[in-house]
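Fit chain B to the known structure of chain A by using the hints.
Residue numbers (the working numbering), protein chains in the order written: chain A, 1320 to 1434; chain B, 173 to 285.
Treat each hint with caution, since some may be false.
To be verified - One side of the interface only, derived from the structure: several residues of chain A facing chain B at Cβ under 8 Å: (1) Gly-1359; (2) Gly-1361; (3) Tyr-1367; (4) Thr-1405; (5) Phe-1409; (6) Thr-1422; (7) Gln-1423; (8) Phe-1425; (9) Gly-1426.
As the list claims (entries may be wrong) - The following residues of chain B were derived to be distant from chain A, with all beta-carbon distances above 12 Å: (10) Val-185; (11) Gly-188; (12) Ala-189; (13) Ile-190; (14) Ala-201; (15) Lys-242; (16) Asp-255; (17) Gln-277.
As the list claims (entries may be wrong) - Simulated pairs of lysine-lysine, DSS-like, Cα-Cα distance not exceeding 25 Å: (18) A:Lys-1384 x B:Lys-272; (19) B:Lys-214 x B:Lys-272; (20) A:Lys-1376 x B:Lys-265; (21) B:Lys-272 x A:Lys-1376; (22) B:Lys-239 x A:Lys-1384; (23) B:Lys-272 x A:Lys-1390; (24) A:Lys-1376 x B:Lys-228; (25) B:Lys-214 x A:Lys-1390.
Hints listed in this document are in silico derivations from the structure and should not be mistaken for laboratory results. Think of the CB as a built atom: it goes at the ideal place given N, C-alpha and C, for glycine as much as any other residue.
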Amino acid sequence: EAQVTQNPRYLITVTGKKLTVTCSQNMNHEYMSWYRQDPGLGLRQIYYSMNVEVTDKGDVPEGYKVSRKEKRNFPLILESPSPNQTSLYFCASRGLAGKGAETQYFGPGTRLLVL
Amino acid sequence: QKEVEQDPGPLSVPEGAIVSLNCTYSNSAFQYFMWYRQYSRKGPELLMYTYSSGNKEDGRFTAQVDKSSKYISLFIRDSQPSDSATYLCAMSKSSQGAQKLVFGQGTRLTINP
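Just chain A, with the same shape it has in the complex (with noise of 0.2 Å):
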């Protein structure tokens, strides 16, 4: 089944204390992203990846890192969270190019609370 996951799916962590949230495509997908959820804002993209590694800022980046070692994982990395950064998390791939290209996956949301 074509899918994408992410770990954890409900985080509660405290200020300052660096956290990583795992995303995984059995696709083959060359694209992935980061989106965060908030009420009244929508999704807003936090950082993407074209392949492996190549990795550029999306809309919302400060606080956030990535990295994109292999082409099925694109972990989310917060070196130092804060509560601005408590939100609804989605990591999202898609192929780049020819039919399906425009159809992008979302995996099921890693709610975080940052106290």
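Showing chain B alone in chain A's frame:
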């Protein structure tokens, strides 16, 4: 001003009603228009995809794009309780490569049995 505006609702209608969901946008470079459906505690999933102006129908769902007015709509006929979800419009300038999707805020829809 946001690039894409969507009424967040919430919108509550009886089963069987016709539902109209709408988005307006300001960037005339957008060429590709999408509607995503997001059930509670799930990620968004692509529901409809259209290119440029016109209508596209898929079962009970019709997507409409009016580029001259910078306005897109999603119509749901014979609405069912299973249609209860948040609907997000999204749009982009290209369908390939590193095209960036810009999302509306989402409209929360409830269909009452």
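Restraint check, 8 Å cut-off on beta carbons, for Thr-1405 of chain A near chain B: 17 Å, violated
Proposed proximity, Lys-1390 of chain A with Lys-214 of chain B (alpha carbon, max 25 Å): 24 Å, holds
Ile-190 of chain B and chain A, when compared Cβ to Cβ, separated by more than 12 Å: Since the minimum Cβ distance to chain A is about 25 Å, Ile-190 of chain B lies beyond 12 Å and the statement holds.
Holds or violated: Lys-239 of chain B to Lys-1384 of chain A, with C-alpha atoms at most 25 Å apart: 37 Å, violated
Pair hint Lys-1376 of chain A and Lys-228 of chain B, alpha-carbon separation not exceeding 25 Å: Judged against 25 Å, a Cα distance of about 33 Å means the pair is violated.
Proposed proximity, Lys-1376 of chain A with Lys-272 of chain B (alpha carbon, max 25 Å): 11 Å, holds
Check on Val-185 of chain B being off the interface with chain A, judged by Cβ distance over 12 Å: 22 Å, holds
Beyond 12 Å from every chain A Cβ - status for Ala-201 of chain B: 16 Å, holds
Restraint satisfaction for Phe-1425 of chain A [CB to CB of chain B, less than 8 Å]: 3 Å, holds
Cβ separation check - Lys-242 of chain B to all of chain A, threshold 12 Å: 17 Å, holds
Minimum Cβ distance from Ala-189 of chain B to chain A greater than 12 Å, as the annotation requires: 25 Å, holds
Per-residue hint verdict: Gly-1426 of chain A, partner chain B, C-beta under 8 Å: 5 Å, holds
In this structure, the earlier hints numbered 4, 17, 22, 24 are contradicted, and the remaining ones agree with it.
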